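*Asks:* Going down the list, the protein sequences come from chains A and B.
Counting from 1, position 102 in the first sequence corresponds to residue 104 in this note's numbering; the numbering is continuous, with no gaps.
Counting from 1, position 265 in the second sequence corresponds to residue 267 in this note's numbering; the numbering is continuous, with no gaps.
If you're looking for bench data, these hints aren't it; they were derived computationally from the structure.
Keep in mind that a hint or two might mislead.
You can't tell identical chains apart in this list, so a pair holds if it fits in one copy or across any two.
DMTMM-like cross-link-like pairs, simulated, lysine to aspartate or glutamate; straight-line CA separation at most 20 Å [unchecked claim]:
{"id": "1", "residue 1": "LYS144", "residue 2": "GLU326"}
{"id": "2", "residue 1": "LYS93", "residue 2": "GLU255"}
{"id": "3", "residue 1": "LYS24", "residue 2": "GLU39"}
{"id": "4", "residue 1": "LYS150", "residue 2": "GLU313"}
{"id": "5", "residue 1": "LYS81", "residue 2": "GLU5"}
{"id": "6", "residue 1": "LYS150", "residue 2": "ASP125"}
{"id": "7", "residue 1": "LYS191", "residue 2": "ASP90"}
{"id": "8", "residue 1": "LYS27", "residue 2": "GLU88"}
{"id": "9", "residue 1": "LYS144", "residue 2": "ASP292"}
{"id": "10", "residue 1": "LYS93", "residue 2": "GLU5"}
{"id": "11", "residue 1": "LYS24", "residue 2": "GLU212"}
{"id": "12", "residue 1": "LYS144", "residue 2": "GLU21"}
{"id": "13", "residue 1": "LYS81", "residue 2": "GLU313"}
{"id": "14", "residue 1": "LYS93", "residue 2": "GLU334"}
{"id": "15", "residue 1": "LYS150", "residue 2": "ASP100"}
{"id": "16", "residue 1": "LYS191", "residue 2": "ASP100"}
{"id": "17", "residue 1": "LYS81", "residue 2": "GLU21"}
{"id": "18", "residue 1": "LYS150", "residue 2": "GLU5"}
Note that the structure is predicted; figures quoted are calculated from it, not measured.
Spelled out, the chains give:
Protein chains: 2
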Amino acid sequence: MPELRRDPITGEWVIIAGERAKRPKDFASHLPADEPEHDSTCPFCPGNEGMTPPEVLAFRHPGSERDSTGWWVRVVPNKYPALAVEGDLNKAGLGMYDWMNGVGAHEVIIESPDHDRQLAHLDARQIEDVLWAYRARYLDLKKDPRLKYILIFRNHGRVAGASLTHPHSQLVATPMVPGEVAAELAGAKRYEGYRDRCVYCDILRQETNEGSRLVGENGSFIAFEPYASKFPFETWLLPKRHCASFAAIAAEEQSDFAEVLADTLRRVDACLLDPPYNYMIHTAPCDSDDRQDFHWHLEIFPRLTIAAGFEMGTGIYINVTPPEMAAECLREASLGAAAPVEQEGVTLGDSDR
Amino acid sequence: MPELRRDPITGEWVIIAGERAKRPKDFASHLPADEPEHDSTCPFCPGNEGMTPPEVLAFRHPGSERDSTGWWVRVVPNKYPALAVEGDLNKAGLGMYDWMNGVGAHEVIIESPDHDRQLAHLDARQIEDVLWAYRARYLDLKKDPRLKYILIFRNHGRVAGASLTHPHSQLVATPMVPGEVAAELAGAKRYEGYRDRCVYCDILRQETNEGSRLVGENGSFIAFEPYASKFPFETWLLPKRHCASFAAIAAEEQSDFAEVLADTLRRVDACLLDPPYNYMIHTAPCDSDDRQDFHWHLEIFPRLTIAAGFEMGTGIYINVTPPEMAAECLREASLGAAAPVEQEGVTLGDSDR
């Protein structure tokens, strides 16, 4: 008999179809395409800085010039932004309908100069610098009073919506708190109102105690498969310290964040052979860093199945891999040693943070 | 500048990215695979009735036997149901988490004996009989007090989640009102509470008056692109008579429903070359046929783009085809004459309805 599990935050139900449970080998394998180390037509490759809008942030070797080579992390506005940074909202009604200008921000975080090296396989310090770039751009955009929410996310693989292969993350800032975020906040508030505890802190305790859905742990984070996982191999990274905003991360937590992110992505890679995936940082809206009922975290969704009419019509997902089985596969994954990025003569200073 | 449009029912915002608007030719074409008229390995083809669980409904030629050939519409339980029809819910808590048995129903409506003839290209009477089968199964399952909601939907094409090519629809009955449905109902109730009018009746009036998003119309229905369409070529079929439940459809409305559904799907086919799509009937929960604030309808979502990290993290969709442009393309689509299904010696009686 399939079982129904309820997400303790949003209250959404998920169908766990354990009877025909799918193990990693049952999913189509997604062997990585053979990409060159450098692609002269790629706008994110070194030497092609002129193909993107001017950079808004770069971690650069001393002496290198803006919008030229010499960077190891580079952030640029999206050339085709979903939301545009100039202009006013000009809210208006059109008969019964509501309208506003698409004001916001849309940036690309280019994670390394290497065209073919995935985030999971960069060295620890480089991953940490990507996360520092996330935070620097978050803090800068948070100053703009038109922007109410900032989402940082990553699309990996064509099936997960990545149109360029050069490893990159994205940031979109919106002029309202988006519906999904509002629903998550409302659910967390409802739980806190009833129990006087943070729902994520409770999840942290229960998952650490039970262990069956844990994938990994270090000083500052746990990685686990949520009880009501919507997707096969859905994995969350949850900081141990209660904090509503990603931007309030401390330096020692940031290196643990980089470590647990790399370790988890490598396990996902090893189990599922480089599957397409999306990850998103769930953080509090810009104006509510201090809320007691929310707890920032990162959610990874491998894209192994298709949401069809049932999921679109109900919001109920059918998950064909019970999270306990997924956690076991990920814990047992055999990881090769990560090859370090070659960065000859680089001084990785803190100056640009 | 992109624009933000708000769904008047749910309150969700959608980004309409009109500057690089995509016309039909900009989407990958999905030419139909060459399927045979009959496939001896297909569980939905005549002669293979033994490959499915026993039928729960069939419209049959007089004298033909249950679970044998001689039907023109056949409904069977899904062999691998998302929810199982036997058993009790046995609701339970597991620490902080909520659990219940996956009780419900999951049925397949086989739309015709022809393996290779798509719903849109069946003759009008056959499509109407598919819709009568939807209604008959809806009314039968509604009697089961464990079931709170019944979703009827159709997945067409592999990208839209169809794993078998023989044309079929599905029905899933759930033991709770699903989250997406609850959100839609709550939005409709909010609107009605503020204006004392049904939001869908208001949409019907505004779309009929403006005309720029209309695709088609007959005596009982309009077909239109919603103002805040989430997807390129998203199309809704909305009955002109206010009614919360699909099951309360009248006989003359049913033939108009079949006509507008066939006409719309043929236009979608002609514009986008047989794209993958999902459609879902949005109807009231089982216990609230009479609610004044809800209005049943059918939503068609062509699957031309990929929901990625931004959509998953925010619930805000980026639609690259403004609905006014999509409506114009669909209105102007040139439709070939539909080839009638050959049904020699068939008596299409009302006896099985």
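*Asks:* Next, verify each hint and record whether it holds.
*Replies:* Results for each hint:
1. LYS144 with GLU326: This pair counts as neither: shortest intra-copy Cα distance 38 Å, inter-copy 35 Å.
2. LYS93 with GLU255: Classified as neither: same-chain Cα gap 40 Å, cross-chain 39 Å, threshold 20 Å.
3. LYS24 with GLU39: neither (34 Å within a copy, 32 Å between copies)
4. LYS150 with GLU313: Only across copies: LYS150 and GLU313 sit 17 Å apart there, 29 Å inside one copy, limit 20 Å.
5. LYS81 with GLU5: This pair counts as between: shortest inter-copy Cα distance 17 Å, intra-copy 45 Å.
6. LYS150 with ASP125: Answer is neither; intra-copy 33 Å and inter-copy 52 Å both fail.
7. LYS191 with ASP90: neither (31 Å within a copy, 31 Å between copies)
8. LYS27 with GLU88: neither (48 Å within a copy, 31 Å between copies)
9. LYS144 with ASP292: within (14 Å within a copy, 47 Å between copies)
10. LYS93 with GLU5: Answer is between; shortest inter-copy Cα gap is 10 Å, intra-copy 45 Å.
11. LYS24 with GLU212: neither (23 Å within a copy, 50 Å between copies)
12. LYS144 with GLU21: For LYS144 and GLU21, the Cα distance exceeds 20 Å both inside one copy (47 Å) and across copies (27 Å).
13. LYS81 with GLU313: between (33 Å within a copy, 19 Å between copies)
14. LYS93 with GLU334: Classified as neither: same-chain Cα gap 53 Å, cross-chain 32 Å, threshold 20 Å.
15. LYS150 with ASP100: within (18 Å within a copy, 33 Å between copies)
16. LYS191 with ASP100: between (28 Å within a copy, 18 Å between copies)
17. LYS81 with GLU21: Classified as between: cross-chain Cα gap 13 Å, same-chain 47 Å, threshold 20 Å.
18. LYS150 with GLU5: between (38 Å within a copy, 17 Å between copies)
The structure shown violates the earlier hints numbered 1, 2, 3, 6, 7, 8, 11, 12, 14.
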